[in-house]
Amino acid sequence: MKVTWKLPDGGEIAADVKDGINMMEAAVANNVPNVIGECGGNLSCATCHVYVDPDWMGKTGAADEFEDAMLDVAEAPRQDNSRLSCQITASADLDGLVLIVPEV
Amino acid sequence: MTVWTPTDDGFADLTSHDTFVNGAPHNTFARLRRDDPVHWTDWDGGEGFWSITRHADISEMNRQPQVFSSARGIRMEDQTYEEYLARRTFQETDPPEHMMTRIKVAKAFSKPVIAEFENDIRKLCDDILDVALQKGAFDATKDIARQLPMQMLGRILGLPEEDLPWLVEKGDALIANTDPDFTDHVLDKMTTDEFRMMPFNSPAGAELYSYAKDLMARKDAAGDTSGVLHLILQPAKDGSVITEEEFRNFFCLLVAAGNDTTRYSIAAGIQAMCHQPELLGQMQSEDIWDTAPDEIIRWATPAIYFRRTATQDVEMHGKTIREGDKVLYWWSSANRDDTVFDDPFRVNLKRTPNKHLSFGQGGPHVCLGMWLARLEVRVLFQELAKRITSIEANGPHKFLRSNFVGGIKELPVKVVAK
Ligand code: HEM
Numbered sequence: 001m002k003v004t005w006k007l008p009d010g011g012e013i014a015a016d017v018k019d020g021i022n023m024m025e026a027a028v029a030n031n032v033p034n035v036i037g038e039c040g041g042n043l044s045c046a047t048c049h050v051y052v053d054p055d056w057m058g059k060t061g062a063a064d065e066f067e068d069a070m071l072d073v074a075e076a077p078r079q080d081n082s083r084l085s086c087q088i089t090a091s092a093d094l095d096g097l098v099l100i101v102p103e104v
Numbered sequence: 001m002t003v004w005t006p007t008d009d010g011f012a013d014l015t016s017h018d019t020f021v022n023g024a025p026h027n028t029f030a031r032l033r034r035d036d037p038v039h040w041t042d043w044d045g046g047e048g049f050w051s052i053t054r055h056a057d058i059s060e061m062n063r064q065p066q067v068f069s070s071a072r073g074i075r076m077e078d079q080t081y082e083e084y085l086a087r088r089t090f091q092e093t094d095p096p097e098h099m100m101t102r103i104k105v106a107k108a109f110s111k112p113v114i115a116e117f118e119n120d121i122r123k124l125c126d127d128i129l130d131v132a133l134q135k136g137a138f139d140a141t142k143d144i145a146r147q148l149p150m151q152m153l154g155r156i157l158g159l160p161e162e163d164l165p166w167l168v169e170k171g172d173a174l175i176a177n178t179d180p181d182f183t184d185h186v187l188d189k190m191t192t193d194e195f196r197m198m199p200f201n202s203p204a205g206a207e208l209y210s211y212a213k214d215l216m217a218r219k220d221a222a223g224d225t226s227g228v229l230h231l232i233l234q235p236a237k238d239g240s241v242i243t244e245e246e247f248r249n250f251f252c253l254l255v256a257a258g259n260d261t262t263r264y265s266i267a268a269g270i271q272a273m274c275h276q277p278e279l280l281g282q283m284q285s286e287d288i289w290d291t292a293p294d295e296i297i298r299w300a301t302p303a304i305y306f307r308r309t310a311t312q313d314v315e316m317h318g319k320t321i322r323e324g325d326k327v328l329y330w331w332s333s334a335n336r337d338d339t340v341f342d343d344p345f346r347v348n349l350k351r352t353p354n355k356h357l358s359f360g361q362g363g364p365h366v367c368l369g370m371w372l373a374r375l376e377v378r379v380l381f382q383e384l385a386k387r388i389t390s391i392e393a394n395g396p397h398k399f400l401r402s403n404f405v406g407g408i409k410e411l412p413v414k415v416v417a418k
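Chains as they are written, first to last, in UniProt numbering: chain A, 1 to 104; chain B, 1 to 418.
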């Protein structure tokens with residue numbers, strides 16, 4: 001699948017991501033700034049917080065209760081489209097996904 | 001030029017605390033990374049264990065708590081199920097149970113909440129440095145590094161000021177329980193089972209237990225809902241409430257984890273300034289503060305290893321780790337892995353990226369206090385650099401006798417204050 005990160009400075013990073021890889025791992029592999037993933041995708045740190053482009057919110061689904069609690073811990077302000085990107089996994093139906101990287 | 005050249009013969013005994021009195025045995029770690037990355041050690045003090053020394057392997061394993069569990073002990077020493085139950089903190093649980101506790105305290109230690117304490121930290125640093133620097137020559141571990149972390153933790157927890165010196169002392173006895181300078185009950189030299197059920201196998205743990213209990217009662221009576229301690233008494237999402245035992249263990253964990261790790265990061269940073277004189281100038285005039293704290297903490301690696309236990313057989317680099325085997329992640333080795341860090345024995349305050357593992361990054365147990373530690377280190381060195389024109393060693397430094405906590409316990413320095 002293809003994913004695009006929109007950066008706070010107006011730039012963009014796009015990459016092809018294999019199915020099964022999560023968006024935190026993909027961001028780290030593609031040097032996307034501000035997406036760190038200190039806990040290795042284990043829902044313990046909130047350093048992979050992103051905003052999902054509103055057009056994609058239906059497809060990415062909602063945060064579960066743990067993710068929901070951890071979103072309160074994120075550095076950038078929480079919004080309705082906030083997600084921890086380690087909890088979004090690449091799959092064919094997310095092809096074209098757009099994620100907005102918060103300013104931190 | 002390297003700052004410090006390891007002197008071990010490449011075959012150091014990792015089970016011996018004495019091995020570490022000259023610093024971590026990095027020649028041994030380098031050999032293991034190269035020749036034997038999944039290394040078995042037989043041990044007369046308990047079951048043998050596997051040592052994982054490469055950065056890449058530790059990173060890959062640490063993110064799989066279902067395969068490498070924290071729930072059967074996190075130190076080299078074996079523990080029975082009864083000991084585990086008596087002493088455990090959420091650091092000794094696996095997801096999803098781990099998460100149930102961690103979310104209760106995560107907010108209080110999050111980057112934005114911790115950032116609010118910057119002015120407090122600066123004020124504390126002012127006071128500490130004013131006293132120390134006017135001496136000219138002093139022990140930097142004792143007079144600078146030892147002071148800040150506990151005072152700061154006390155603030156975050158909402159503890160009474162007058163209790164802090166006592167807590168520093170108990171925290172020391174708790175964690176440095178293998179160094180006779182810090183405790184009368186040197187762990188590996190004891191013959192009785194008396195302390196085995198106590199947190200960190202230490203009578204100081206028992207004293208901290210009862211302190212925590214009294215503290216809670218006092219706070220409840222006063223209706224005081226400030227600070228982290230109150231937060232973790234809130235019911236979890238499923239309605240469960242932390243037990244008294246869990247709470248006391250968590251309090252001990254904070255005292256232990258928040259105390260000397262940060263202290264020894266500060267000490268290692270000051271040691272580096274003595275050996276790499278260019279660092280002071282960089283701190284005074286260059287834009288290094290986004291990267292310097294992590295580099296200082298990489299250099300320090302105060303937590304030398306943590307342990308996991310395999311929950312299934314795993315093949316790795318030609319070895320078979322069996323279900324039930326103890327597996328040690330040597331952060332200290334990973335942080336000098338030259339496949340990840342250029343010139344790893346040199347402090348480079350601008351190192352980017354800096355994928356050090358001092359905080360156990362890459363796993364669910366990644367340090368809860370990392371934002372606090374980074375902030376304390378940044379502010380302390382900013383304030384120190386502002387106030388001096390030179391700093392140099394004033395005699396040899398001494399490391400702690402411990403294969404678990406890496407730290408310079410004596411660091412004589414001479415400074416010229418501005
Ligand atoms: C430079 C200073 C510090 C270092 C190097 C450090 C190191 C670590 C490491 C390596 C772990 C992970 C252990 C594992 O994977 O099993 C950890 C966990 C932890 N640290 Fe720190 N720490 C530091 C400062 C602090 C501070 C200031 C606090 C609290 C005020 C703290 C509280 C904790 C807690 C509660 C955990 C357990 C987290 C969990 O299991 O989810 N640490 N720390």
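One should not assume that every hint holds.
Calculated cross-link-like contacts (lysine-lysine; reagent style DSSO-like; alpha-carbon spacing at most 27 angstroms) [claimed, not checked]: (1) Lys355/B with Lys6/A; (2) Lys350/B with Lys418/B; (3) Lys18/A with Lys59/A; (4) Lys142/B with Lys414/B; (5) Lys355/B with Lys18/A; (6) Lys59/A with Lys2/A; (7) Lys6/A with Lys111/B; (8) Lys135/B with Lys414/B; (9) Lys107/B with Lys219/B.
So these bits of chain B aren't anywhere near chain A, every CB distance computed over 10 angstroms [what the hints assert, rightly or not]: (10) Asn62; (11) Met99; (12) Glu116; (13) Thr225; (14) Glu392.
No lab work stands behind these hints, which were simulated from the structure alone. Built from N, CA and C at the ideal position, the CB exists for glycine as well.
Hint by hint, here is what the structure shows:
| no. | hint | result |
| --- | --- | --- |
| 1 | Lys355/B with Lys6/A | holds (24 angstroms) |
| 2 | Lys350/B with Lys418/B | holds (25 angstroms) |
| 3 | Lys18/A with Lys59/A | holds (17 angstroms) |
| 4 | Lys142/B with Lys414/B | holds (14 angstroms) |
| 5 | Lys355/B with Lys18/A | holds (24 angstroms) |
| 6 | Lys59/A with Lys2/A | holds (14 angstroms) |
| 7 | Lys6/A with Lys111/B | holds (23 angstroms) |
| 8 | Lys135/B with Lys414/B | holds (9 angstroms) |
| 9 | Lys107/B with Lys219/B | holds (20 angstroms) |
| 10 | Asn62 | violated (6 angstroms) |
| 11 | Met99 | violated (5 angstroms) |
| 12 | Glu116 | holds (13 angstroms) |
| 13 | Thr225 | holds (18 angstroms) |
| 14 | Glu392 | holds (35 angstroms) |
When held up to the earlier numbered hints, the structure conflicts with 10 and 11 and fits the remainder.
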